[in-house]
Amino acid sequence: MTVLEQPGSSRNKSSLAGPPPTWQPRVDPAPLLPDAEPYRLLGTDAAARLDSGLLTRLYTQLVRGRRYNAQATALTRQGRLAVYPSSTGQEACEVAAALALEDRDWLFPSYRDTLAAVARGLDPVQALTLLRGDWHNGYDPHEHRIAPLCTPLATQLPHAVGLAHAARLKGDEVVALAMVGDGGTSEGDFHEALNFAAIWQAPVVFLVQNNGFAISVPLAKQTAAPSLAHKAVGYGMPGRLVDGNDAPAMHEVLTEAVERARRGGGPTLIEAVTYRIEAHTNADDATRYRSDAEVETWKAHDPIALLERELAARDLLTDDFVGATRDGAEQLAADLRERMNADPEVDPMDLFTHVFAEQTSQLRAQAAQLRAELDAEAAGHTEDAAGTDGSAEEARP
Amino acid sequence: MTTTVPATARKPATMAQALTRALRDAMADDPSVHVMGEDVGTLGGVFRVTDGLAKEFGEDRCTDTALAEAGILGTAVGMAMYGLRPVVEMQFDAFAYPAFEQLISHVARMRNRTRGALTMPLTIRVPYGGGIGGVEHHSDSSEAYYLATPGLQVVTPATVEDAYGLLRAAIASDDPVVFLEPKRLYWSKADWSPDAPTEVAPLGRAAIRRRGSSATLITYGPSLPVCMEAAEAARAEGWDLEVVDLRSLMPFDDETVCASVRRTGRAVVVHESNGFGGPGGEIAARITERCFHHLEAPVLRVAGFDIPYPPPMLERHHLPGVDRILDTVARLQWESDWTEGRGE
Ligand SMILES: Cc1ncc(C[n+]2csc(CCOP(=O)(O)OP(=O)(O)O)c2C)c(N)n1
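Going line by line, the protein sequences match chains A and B. Numbered per the UniProt record's numbering, the first sequence spans residues 1 to 397. Numbered per the UniProt record's numbering, the second sequence spans residues 1 to 344.
FYI, nobody ran anything at the bench for these hints, they're computed from the structure. Treat the hints with care, since some could be wrong.
Looking from chain B toward chain A, a few residues come up when the C-beta cut is under 7 Å (computed) [said to hold, decoys possible]: (1) 111; (2) 132; (3) 149; (4) 151; (5) 168; (6) 172; (7) 311; (8) 314; (9) 315.
Which chain A residues face chain B? A few, computed with CB under 10 Å, are given here [to be verified]: (10) 219; (11) 355; (12) 362; (13) 367; (14) 370.
Take a look, some chain B residues computed to stay more than 12 Å from chain A by CB distance [unchecked claim]: (15) 39; (16) 74; (17) 78; (18) 82; (19) 255; (20) 294; (21) 312.
Glycine included, each C-beta is placed from N, C-alpha and C at the ideal position.
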């Protein structure tokens with residue numbers, strides 16, 4: 001039934017008798033649609049054209065990333081980290097995200113993307129400050145152009161759009177890459193960010209790591225869309241579907257999107273199909289919502305193993321290379337372990353230092369109160385110490 | 001710095017015009033100032049506060065955005081990260097709520113989280129409050145929500161001159177400011193010269209609008225003219241009321257407020273938003289903590305009722321008016337009599 005056939009419609013009035021003006025879609029959706037299958041390079045003929053240097057670089061970073069994940073998880077067991085959301089199994093997405101960007105670009109990671117930040121050059125210890133709990137953010141975002149790891153889901157996406165838009169207004173060829181999980185795509189901020197980015201043609205790349213679950217909730221309960229990449233079409237930007245465990249494919253798709261954005265071609269939404277091998281965090285029990293068999297099928301599609309096959313076919317997977325890569329990763333882990341095993345120094349007075357540029361009288365008063373409490377505490381300790389030393393012993397009757 | 005302006009230079013201007021002028025001057029002085037929001041461009045805002053800015057500075061500097069408050073504020077965060085000074089307009093008080101996640105989780109704490117490496121020199125303009133006959137969702141006083149969030153400055157002008165000066169100061173601030181515009185005062189007029197504003201006060205200074213000796217009315221924004229009228233009316237009953245206009249709820253000017261209350265010995269806080277959980281409770285507690293021995297009576301509050309904002313035909317019963325303020329001032333006397341009586 002068309003509008004004109006509806007009961008009560010004024011179809012007999014001559015002014016409304018004609019058909020509506022011909023409607024044209026604003027953008028031809030066909031070129032925006034993602035592939036039906038995730039894009040892959042490894043194991044296909046196209047892999048032949050890949051540069052060996054890139055492959056060894058990706059491999060080195062994947063191995064380091066996996067070792068870093070294992071070390072950080074171990075640190076949670078020692079109580080050195082409050083929590084760690086591991087990206088084991090997703091390293092190809094993390095590493096490709098870091099390597100697809102130039103220095104001048106900005107990365108907007110979520111809480112799971114420590115590895116992308118580290119692969120971009122961030123000090124591994126600084127990357128863990130949030131999770132260790134000594135401060136919310138352990139690094140200067142300007143140093144490597146990495147926004148703070150974002151905990152509220154999808155809220156970093158509009159930031160990336162705004163930054164990219166501002167950069168373009170200033171005439172800088174800067175691209176922002178924003179990372180989000182499959183669950184995060186259900187949030188309103190995801191929608192608003194994509195919509196703004198497409199309207200402004202902002203130089204942003206959205207990378208969704210679809211790792212199958214939002215904590216325990218599977219993708220089917222997150223969306224009824226054919227794929228998350230399909231969502232792009234509705235906003236008027238291209239969507240790309242890619243095998244998130246295929247590091248060179250990830251790198252190629254991201255690099256293309258970044259270059260397109262830099263040329264003024266606007267945003268891209270990329271869905272990387274991957275899998276979270278570990279639980280959501282060390283505090284989660286994944287056996288409640290998925291089977292071991294499922295995990296095993298994904299382990300067979302491991303990003304490191306996939307790349308090793310290609311390297312071996314090129315005779316690049318030599319003992320020397322593998323050994324050197326492993327040693328480098330061990331060195332990273334040992335350094336992380338050692339530095340994380342030192343108690344961080346925290347200054348309670350910092351609580352008041354960074355609330356406002358200019359402290360309010362109320363905060364000054366509260367800072368003075370804390371100072372006094374700390375002084376009293378310190379004096380108490382001195383007294384305790386005095387009570388146990390030799391002179392105090394002698395003073396006893 | 002106080003400049004005296006010759007009377008001839010001053011012409012009648014509305015608060016809305018003063019706000020427009022503040023935006024215009026800020027944009028002219030600093031190319032990093034960008035205005036953005038719904039309908040702020042071609043239309044000049046539904047209250048016309050951004051009138052002419054898109055024409056003068058171009059659509060990149062005064063941008064009609066998509067209809068999405070979280071998106072507006074969220075992208076403004078990213079723009080501020082890249083060195084711009086966004087001035088965001090939320091069309092009406094109750095339509096700012098979709099943006100609260102960005103406001104609370106990011107705007108308010110970005111400086112703190114990053115130890116000062118990322119600052120948020122953002123101004124969020126929110127027309128607020130009732131008294132204009134608006135239908136539902138067009139008259140909320142949401143200041144308590146903003147005040148409950150550490151890291152936000154909350155500013156609200158009550159005079160034409162302050163509308164200009166405080167907005168300039170808000171835009172110049174390196175920290176985020178929720179700039180609450182009392183929409184029923186948009187069309188209030190004063191003789192005002194945009195070329196020589198008498199004083200651009202730093203944020204966080206209250207102003208004494210009327211000197212008095214027998215009690216202090218503490219108020220802000222839309223309730224200031226009501227308090228001024230009440231103070232005049234109270235003279236007939238022998239009350240000489242001092243009126244303090246807070247101008248900025250955060251930072252809060254304890255000094256001016258407490259000095260006034262210590263002089264007068266009595267205080268009434270007046271605001272439109274609901275009393276329970278409203279700013280008046282915080283202000284009364286501060287006064288009680290600091291001025292207890294100077295007080296002749298409990299600190300009283302005149303606030304809106306604890307109800308969702310009423311429909312326009314009933315709003316006059318909800319909003320604190322002169323009579324309700326006078327009744328409460330009278331109770332100050334009664335309360336002191338009662339207190340003294342019991343003490344004897
Ligand atoms: C706004 C918001 N709601 C809820 C949470 C709690 N939470 C943290 S992670 C998570 C699941 C996110 O899943 P997904 O987006 O798929 O990312 P993944 O953890 O799989 O990388 C939830 C619900 C949150 N961080 N933010």
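Q.
Hint by hint, where does the structure go against what was stated? Just the numbers, ascending.
A. Those not satisfied are hints 2, 3, 5, 6, 7, 8, 9, 10, 13, 14, 16, 17, 18 and 19.
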